[in-house]
Structures are given as structure tokens and as C-alpha cells.
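K.L.:
Please put together the full structure from these sequences, using the hints given.
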Amino acid sequence: MTMAKSVAIASAEQPAAATRNGAFVAGAWRSTGALVLIAAAVALPFTISNYHVFELTQVMIYAIAVLGLNILTGYNGQISLGHGGFYAAGAYTAAILMHRYGVPYWATLPPAAVICFALGVLFGLPALRFEGPYLALVTLAMAVATPQLLKYFDTWTGGQQGINLIKVQAPAFLGIGRDRWLYLVVLTVLLVAMRVAANMLHGRTGRALVAIRDHPIAAAAMGIDVARYKTLAFGTSSLFTGVAGALSAIVIGFVAPESFTLFLSLSFLVGSAIGGIATIFGAIVGGLFIEFVPNIANDISDAAPWAIYGLTMLLFMYVMPRGVVGSLAGLMRRVQSRRATAGQGLEEQKRRLS
Amino acid sequence: MTMRKIMVAGLSAAVLVAASSVAWAAGQYSPGASDSEIKIGNTMPYSGPASSYGVIGKVDAAYFAMINEKGGINGRKINFISKDDSYSPPKTVELVRQMVEQDQVLLMFNTLGTPPNMAIHGYLNENKVPQLFLATGADQWNDPKHFPWTMMWLPSYGNESHIYASYILKNLPNAKIAVLYQNDDYGKDYLNGLKAGLGDKAAKMIIATQSYETTDPTVDSQIVALQASGADVLLTAAIPKFAAQSIRKVYDVGWKPTHFLNSVGNAVGTVMKPAGLEKGVGIISAAFAKDPTDPQWQSTPEYKEWLAFMNKAGLSANTTDVQAVIGYSFVQTMVEVLKACGDNLTRENVMKQAASLHNVKLPMLLPGIMLSTSADDFDPIKQMQLQKFDGTTWQLFGDVLSASGS
Amino acid sequence: MHQLLQQIFSGLAAGAVYASLALALVMIYRATDLVNFAQGEMAMFSTYIAWMLVNAGMPFWAAFSLTLVASFVGGMIIERIVIRPVENAPILAAVVVTIGLLLIFNALAGWLFTYTLQEFPSPFPDRTLFGALMTTRDLGVIGVTLAMLVALFVFFRFTATGLAMRAAAQNPESARLCGIPVGRMLAIGWGLAAAIGAVAGIMVAPVLFLDPNMMGGALLGGITSPIGAVVGGLIVGVTENLVGAYLIASQLKLTVALALIVLVLVFRPNGLFGVAIVRRV
Chain A
51 MTMAKSVAIA SAEQPAAATR NGAFVAGAWR STGALVLIAA AVALPFTISN
101 YHVFELTQVM IYAIAVLGLN ILTGYNGQIS LGHGGFYAAG AYTAAILMHR
151 YGVPYWATLP PAAVICFALG VLFGLPALRF EGPYLALVTL AMAVATPQLL
201 KYFDTWTGGQ QGINLIKVQA PAFLGIGRDR WLYLVVLTVL LVAMRVAANM
251 LHGRTGRALV AIRDHPIAAA AMGIDVARYK TLAFGTSSLF TGVAGALSAI
301 VIGFVAPESF TLFLSLSFLV GSAIGGIATI FGAIVGGLFI EFVPNIANDI
351 SDAAPWAIYG LTMLLFMYVM PRGVVGSLAG LMRRVQSRRA TAGQGLEEQK
401 RRLS
Chain B
289 MTMRKIMVAG LSAAVLVAAS SVAWAAGQYS PGASDSEIKI GNTMPYSGPA
339 SSYGVIGKVD AAYFAMINEK GGINGRKINF ISKDDSYSPP KTVELVRQMV
389 EQDQVLLMFN TLGTPPNMAI HGYLNENKVP QLFLATGADQ WNDPKHFPWT
439 MMWLPSYGNE SHIYASYILK NLPNAKIAVL YQNDDYGKDY LNGLKAGLGD
489 KAAKMIIATQ SYETTDPTVD SQIVALQASG ADVLLTAAIP KFAAQSIRKV
539 YDVGWKPTHF LNSVGNAVGT VMKPAGLEKG VGIISAAFAK DPTDPQWQST
589 PEYKEWLAFM NKAGLSANTT DVQAVIGYSF VQTMVEVLKA CGDNLTRENV
639 MKQAASLHNV KLPMLLPGIM LSTSADDFDP IKQMQLQKFD GTTWQLFGDV
689 LSASGS
Chain C
2 MHQLLQQIFS GLAAGAVYAS LALALVMIYR ATDLVNFAQG EMAMFSTYIA
52 WMLVNAGMPF WAAFSLTLVA SFVGGMIIER IVIRPVENAP ILAAVVVTIG
102 LLLIFNALAG WLFTYTLQEF PSPFPDRTLF GALMTTRDLG VIGVTLAMLV
152 ALFVFFRFTA TGLAMRAAAQ NPESARLCGI PVGRMLAIGW GLAAAIGAVA
202 GIMVAPVLFL DPNMMGGALL GGITSPIGAV VGGLIVGVTE NLVGAYLIAS
252 QLKLTVALAL IVLVLVFRPN GLFGVAIVRR V
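As you go down the protein sequences, you meet chains A, B and C in turn. Using my numbering, the first residue of the first sequence is number 51, and each one after it goes up by one. Using my numbering, the first residue of the second sequence is number 289, and each one after it goes up by one. Using my numbering, the first residue of the third sequence is number 2, and each one after it goes up by one.
Hints in this document: simulated from the structure, not taken from any laboratory. Each hint should be verified, as a subset may be incorrect.
Over the 12 Å line for every Cβ pair with chain C, so calculated as not near, a few chain B residues [unchecked claim]:
hint: 1; residue: Ser322
hint: 2; residue: Lys365
hint: 3; residue: Arg385
hint: 4; residue: Leu457
hint: 5; residue: Lys640
hint: 6; residue: Ala663
hint: 7; residue: Gln683
The list that follows gives simulated cross-link-like pairs (lysine-lysine, DSSO-like), each with its CA atoms no further than 30 Å apart [claimed, not checked]:
hint: 8; chain 1: B; residue 1: Lys416; chain 2: B; residue 2: Lys640
hint: 9; chain 1: A; residue 1: Lys217; chain 2: B; residue 2: Lys416
hint: 10; chain 1: A; residue 1: Lys217; chain 2: B; residue 2: Lys327
hint: 11; chain 1: B; residue 1: Lys649; chain 2: B; residue 2: Lys627
hint: 12; chain 1: B; residue 1: Lys489; chain 2: B; residue 2: Lys544
hint: 13; chain 1: B; residue 1: Lys676; chain 2: B; residue 2: Lys489
hint: 14; chain 1: B; residue 1: Lys544; chain 2: B; residue 2: Lys483
hint: 15; chain 1: B; residue 1: Lys627; chain 2: B; residue 2: Lys561
hint: 16; chain 1: B; residue 1: Lys492; chain 2: B; residue 2: Lys544
hint: 17; chain 1: B; residue 1: Lys365; chain 2: B; residue 2: Lys649
hint: 18; chain 1: B; residue 1: Lys640; chain 2: A; residue 2: Lys217
hint: 19; chain 1: A; residue 1: Lys217; chain 2: B; residue 2: Lys433
Example chain C residues on the side facing chain A (calculated, C-beta under 10 Å, incomplete) [unchecked claim]:
hint: 20; residue: Leu67
hint: 21; residue: Pro86
hint: 22; residue: Ala90
Even for Gly, the Cβ is constructed at its ideal location relative to N, Cα and C.
P.N.:
Next comes the structure, spelled out in C-alpha cells:
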């Protein structure tokens, strides 16, 4: 069973048909629900301590990074074990711009996005030739090479010492602390990212990506420019993860090669799988997992916390192999389709009897 | 009536004064300190690539536990909170913020690694939290003017290779030097210290350098390349695993340079023996602490006391590890400073006491090595002593030296 | 010239490290399309078991054999208990499970055996050969790796079980129809991989010294065909050394090695000796 096929099985089914009225009501509920959630998210940092705000900001940054990976590996079936590299690229872009050229922090995001998109496309081109495990191997190579490359170009990157950044200040007129301000900034970026991803993935591009993932030969036969979409997927994916990296540099205030090891890339993959590889909300669950479970594991076992972390990963995969959101979505679809077919069954009977 | 009022007022005033002076005598505290406890925060790589240093944190914890059993410091128990950052700077930032803001520790002690410490020293100095006795020998940490809350402890790597440079200039003036170094700040500090020590002769004398990554399986290829350069002096700035490989390969390829080995990688039990004792004869290194696998220290009472402590703490597996000796000395320094604080456990006073160490001796440091600090000097250990390996043990020779050559 | 030869032989010895692990990775990949991220850590754990046996007084080759058997059994058990639940799940789930295994083994080893470097005895006498070109130890490592390769080749080509395993890997449905217990074949595959990993670990530990992070850098040797894996691993080892010594500073050795793997794959997307699979629509 190939990688792409099984990802497809994990998330393929189309939502069951619903009546037009039902869709409208559901849509209205969803918008209100979304607004309520967003309002809650904005209010939250003012009710908790600075440290917890900082933690949640980290969660959101990881969520953006994982969202990037979801686009590439989940929706387009190209496995990447090297997204830490793109994350590092974004982080160092922001750091170098801020440190060397005095660029204000918010202005580093667009360049980071552009550079990482270009990097992703550049990587996506040769990646067209690789299938499944080979792509995994090549991206793994990238993940492992990243710290070494960062150390080598030390005139730019500061080498092993890393780059220390001046702490960001919140705008004075708002009167809120730095942590809360950064939380709001990251929240905004996350919401924008999710919106952009949703637009892309629920539209034509998304359908093309999924088609390429599930049936690449059929997709090509249907006239989809496979190479273009696959490279686009790589570029977009890298853009998202790169922006997350830039944000992390701003929030942590420090970058060093040690921050971007293979373990980071693997964490993104794990977060992706646990949340639900071909979902958007799964990215948030993934971010929560990456940020909090290691700490919880540390509290449970002083002696071997990573064993607990590993065990938790195993348990999640046994119980919810499609990830939390993936499994929930699957459940909901089954419930909906049962309701729909139940409805259809009644319609059928009525027609036959009349 | 008026008389009584006056007396009552007077008595109340007296009581108030007495009460407040009692409160005064009970101690001045910053967050993390109280009448009954002192909270100390620490991050260590208990997992991941640098996990072999985790033993330092374990020794710290065990020693504090032992002190607590004996009644604590000035009647206060030490609450030592140590967390695993896996040598990842973002994790270190998170954990340190948690310890300072949630757990409210008095100070951070013995945080390990240059990148992790780089990530947090801005935050700690900004929030005026002492960052004491860093477990890293990078040269940059002795900077009280810009970072008045950060103090190092280990003799800096650059100072050590400075000492080697002085020796070379004096005894091997026509040397052709090759250097094997770990490709990070630690290794580069050694290289730069050597260059600084050689001064304007550096460019001429250092004819080849090779670096390695901690992810490399071996350094055999680098040694072969260095030998081919024709050098007759080699400096190996490597951690134990690669130091042992270096020693062995140098011998196996038939190269006989004057071999300088950094103090981080010279332990008899974990480096010289695996490499092959006979292969290390003649190697020169420097030290400031007693190697627990070196027979010359094993009959001394200080060693026996340390060994008893290790065994009682459940750390018998680490009794061949010099890192455990260094950890022991680290934590003894911290205890000295806290004792000196008395009842004034404000962060300011902690820094003041830490900056007032005067010729402090510790049992497991080499005889003659003493700790000293002042308001301008946040580098407690500046001295090391040269030693030569004779196939069984390290023979100390010469005087206790410091980088300035005294 | 002397240095060149030395670099080549050093490279071969280092390459044997990559090659051995690659072999184990290939075993499992061939059978299940799954890259077992935990292969290195399992090998390391097996090596610790051997170390404990030797320290307890057992002669080297006895400890070696016992460890091999224990690893084989252990590998089978892991397949049955840990991997089986995600056998029919999306492959990403299985990948995550192996990553979890990696963490568990690493943490367990650190907890049980501490992170301090340990010495590991070598069964081969310590002599240099051919004027310091290589040591008997290096030769022994290469020799054992090649012997293992030959043994595996014979097993897969000429024995019934080997044939059954190949069938189960290539087409599980048809194999089941033929009466081959596919599940058991998978378990044997994992067992073999674990045993191969154990051999790799034991051969390499005297050189690398034993600690829980020993196998960190060696995981990257995987390519599909067993012959390709070994040769590929050796080539990577040698090239790494030569490039590091002659072309670029050794700081980028690893990057160069990986770039080499990438380059090979660009020109031969199915690996050095892999065969292009024709997909039917």
C-alpha cells in the first residue's frame, strides 16, 4: 500500500449531500461558531498568566508550521521529513533581517514568505522525480543537513552562537504586555493562514492536489498539470512553515542551529499525523500535541520522559490512526451519510409506493 | 487618662518596632526564597545528543538532597527544580520562563550549553534573575558590564588552549601545528584560543585544521588528512567519544606528533582506556579537577568522600565520569555562595556574594586551583595545570597556570 | 597516494556502518513499504544487551549469538504487538509508530544504562595492516557485513521460507491464497531486520563506543535493493571521506554525503540497482 494511496483512503470521501436549506443553516451556525471561537481566542490571553500566553503562542506557531506540512503531505501526498529546514529558513530570514538590517519584526514576514516559497519550489522541482520513500529519504537528508549548513555559513547565521534578537515591544498605546501582543499577532497570522489554506484546498487547486495524490495517472490524463501543482504544493507548504519559523524567531528572540534539528522535522510530522494529516483544524491539535505532551511526559516520568512521549504517540495512532480531527471528521461523515441515506431510503420507498 | 494614653501609645510603638525588627532579622527575600526554603532552577540535556552531560544535573540534585538531610543552608531547605531541555534553545527559553514566572525560583543555576544559555541570558538579565555558574566554558560569559546577572564557572576553553600555545612557544618554537576540533563554538573557542596564544606566529605555525560534527560516526578521515599535512604537533579539541577515536587513529596510522588533548576529553576511564592506554602515552593535557579514574587520587580522603556520596545517591554507574566530579564542585560552589548570603536572600545579594569569592578551595579540584571572583571578574576558575599521560595515569607537571601565563 | 588509500579504506569501514543499517532498513521496507525509523535504536539496544552479557563474563561469540537470537525474537514480538495494530491503518500512522519506538528505545537505554560512554570489546585483534592503511578491526567489520549479505542472499534465493517471504512482500493477497501465512512472514522479516541491526551495532560499537546516541548518524543508509544498500553505503562512506579531505572543508561532509544520495536518486530514481516499477492504471 503506497503512501499516497493510504493517505487518500484516510481522507477521501466527499461529504454526503445535504439539502440546500440544511446547508444554509449549517453555514450560518458555522460562521457564528467561528466568530465566537475567534472572540474567545482573542480574549483568552487576558485571563491567563504571561507564561501561559507564551505557551499558547508557541502552539499557534507550530500549528501554522504543521498546516504547511498538511498541505503537502496530507492533501498532495508528498511526504516530507524535512520541514524543519523550511522552518529554519524562515526563522533565519527574519533573524538576519532584524539583526543585520534593522528591519522591524512585522516587516520580516513577507520576505520570509517569499524566500521560503521560492525555496519550496526549488525543492519541489527535483522532488517531482521521487516517489514515496525516496522523497522521504531526500527530505530526511535536508533535515539532517540543516544544522550543518547553518553552522557553515556562519558569517550570515552567526554559526553555533546563533543570533540574539532584540525583544519586540508591543505598541505603547495598547498598554498590553509583549507576550499578549505577540499572541495576538500570531493569532492573526494563524487565522489568515487557515483562511488561505481553506480557500485553496476547498477550491479547484485543492481538488487538483487531491486528485494528484489519489490517482496521479488519471489526473494527468484528465489534463491536470501534475508538475505545476506538485511544485506549487511544495512552495505553498514551505511558505506556511517558513512564516511559522519567522514568527518563532520573533517570539523566542533567538535562533541557533541547535533549534532546528531532525527532531523538529519529525515533531512536525508527528503533530501532523496526530491532528489529522489532511485537515486544517488538525494542525491546531498537532500544535497542542507538540507543545504540551513533552511537558506532560516530563511530569509523569522523571526518568524517561521521552519514552512516555513515544508511548503517547503509539496510543494515539492505535486509537485514532487518521488523527484526532481526521477521525472525528470521518465519524461525522459516516453519521451524515447514514442520515442522508436513511432519508434517501424513505424517498425511494415513497416513490415506489406512489 | 492622658498618661495611660501616652503609655499605651508608647507600648504599642515599642511592640511595633520590636515586631518589625524581628521581621527584619528573619530575612530579606526575593521571589523563590523564604524562611524555610530556597528555590533553584536548572535546565540540563537529560536526553538528546548532549545527554552525557545530564549527570551534572543528577549530581546537583543529589548533593542538594544531602544538604537538606543535614538541615539545609542556614535552616532553609533547597528546592532544586531541574528540567530537560534536550539542548534545544526554544525549549530552554520555555522552561526557564516557566521556572521564573510559574515556579518563582530565586535563581538559575548551572544551566548547560552555549546555545541554551545564549537563548536565556537576555531574558534573565532583563528580569534581574541570577544566572549562576553556567555549565559551559565558552569565552564570552565573563562580561559583568553587559550581563551583570550572568556568571560562568568553568575555565574557559580559549584560556586552556592559550596555555597550550604558551607551552608550544616556549618548548616547541618551530612546531607545525594541526588542529582537530568539533564544529561548534566549543571547538572553535579552542582553535581561536590557540591562535590568540600564538599571536602573530599563529598563521605560520597552524598549518592544517579539520573539524567534525557530533553526528559523524568517526574522525578517522580527518586524522588521516591532518597527518598528510606534515604537522608535528596536534591539538585535539573533542568530546570523549571523538577524543578516544582520535588518539587511537593517530597511533594506528603511525603518526607521532606532540599531541595536546583538551581537558573535556582526557578522562582515563572514558577516553584513554577505550582508545588503548599504550596509545596515549606522551599526550599532554590540562586539568583543573581530579579525574576519578586516575589511580593517584583514589587513595585520598576527598575522593573517598566523593565516592561515598555518589554511591549513596544511586549514581554508582557514573563513578568513572569526570563530569560527575565537576558537577560536585559546581554545586559545592553554589552552596558556599548561599551560605554566605545568610538571611539576605535577595537576588542582588546572591550576585554580590557570588562576585566575592576569594581563593575558595574545593576538595575535588586539583591542589592549587582556587576560585576567585570580583565585581569585574565573573570567571571563577582561571587556572589549570598541565599533565602528561604515562600509560596509567596523568602526571601533573609544572606550576598551576592561568592564561596570562602566571 | 598513501593518504588517498587510507581515506578510501577509512571510508569503507565507515561505509560498513551505513551499509549494515541499510540492510536492516531494506528488509522491512521490502516487506511493508515502511521505513522503520527505530532500526538504529533497536540495534543500539541489542548492542547494550550484548555488552551486559559480556560484562557478566560470557565469552564474546556466545554473547554475540545469544544477542542475535534475542534480537530476532524481540523483532518478531515488536512486529506482532506494536506494529500489528497499525498494519491496516494509513501508512503515516505506522511511520509515527516507528518514530515513537525510536524515542522509547532511546529513552529506555538512557535510563537503564545511563548516557555515559562505554567501552565495547572487539573480537578482532588490534593490528594495523598494509603499512597502517587499515586495521584488522576494520577488516573484520567489512568481512562480517559481507558474510551477512551472502547469508541473506542465500536465504532468500534458495530456501522455502525465503521464497515465501518474498512472495508475501510482493503480493500479500496472492500469497495468502497460496497458503502462505503472511502475518508470520512479516514477523520473521522484522526479526531478521532486528538481528541484522544487532550485528551492525556489535560490529560498530568497538569503533564508535557505546552510548544511547550511537546510531544517530547512521540511519541514513537506506536504499531499496540489498545489494544496492551495501554498495551504496560503502560508496557513501568513501565519497564522504574523499570529498571531505580533498574538495570541501570537512564541515560539510555530511551534507555532501546526503547531496550524493540525492544526486544518485535524481539520475536513478529507483536506487542504484532498483528496478522501475511499471504501474498499471
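K.L.:
Decide, hint by hint, whether the structure agrees.
P.N.:
Hint-by-hint comparison with the structure:
no.: 1; hint: Ser322; result: holds (34 Å)
no.: 2; hint: Lys365; result: holds (27 Å)
no.: 3; hint: Arg385; result: holds (25 Å)
no.: 4; hint: Leu457; result: holds (27 Å)
no.: 5; hint: Lys640; result: holds (36 Å)
no.: 6; hint: Ala663; result: holds (38 Å)
no.: 7; hint: Gln683; result: holds (23 Å)
no.: 8; hint: B:Lys416 <-> B:Lys640; result: holds (13 Å)
no.: 9; hint: A:Lys217 <-> B:Lys416; result: holds (16 Å)
no.: 10; hint: A:Lys217 <-> B:Lys327; result: holds (27 Å)
no.: 11; hint: B:Lys649 <-> B:Lys627; result: holds (15 Å)
no.: 12; hint: B:Lys489 <-> B:Lys544; result: holds (23 Å)
no.: 13; hint: B:Lys676 <-> B:Lys489; result: holds (25 Å)
no.: 14; hint: B:Lys544 <-> B:Lys483; result: holds (22 Å)
no.: 15; hint: B:Lys627 <-> B:Lys561; result: violated (40 Å)
no.: 16; hint: B:Lys492 <-> B:Lys544; result: holds (21 Å)
no.: 17; hint: B:Lys365 <-> B:Lys649; result: holds (24 Å)
no.: 18; hint: B:Lys640 <-> A:Lys217; result: holds (27 Å)
no.: 19; hint: A:Lys217 <-> B:Lys433; result: holds (20 Å)
no.: 20; hint: Leu67; result: violated (25 Å)
no.: 21; hint: Pro86; result: holds (5 Å)
no.: 22; hint: Ala90; result: holds (3 Å)
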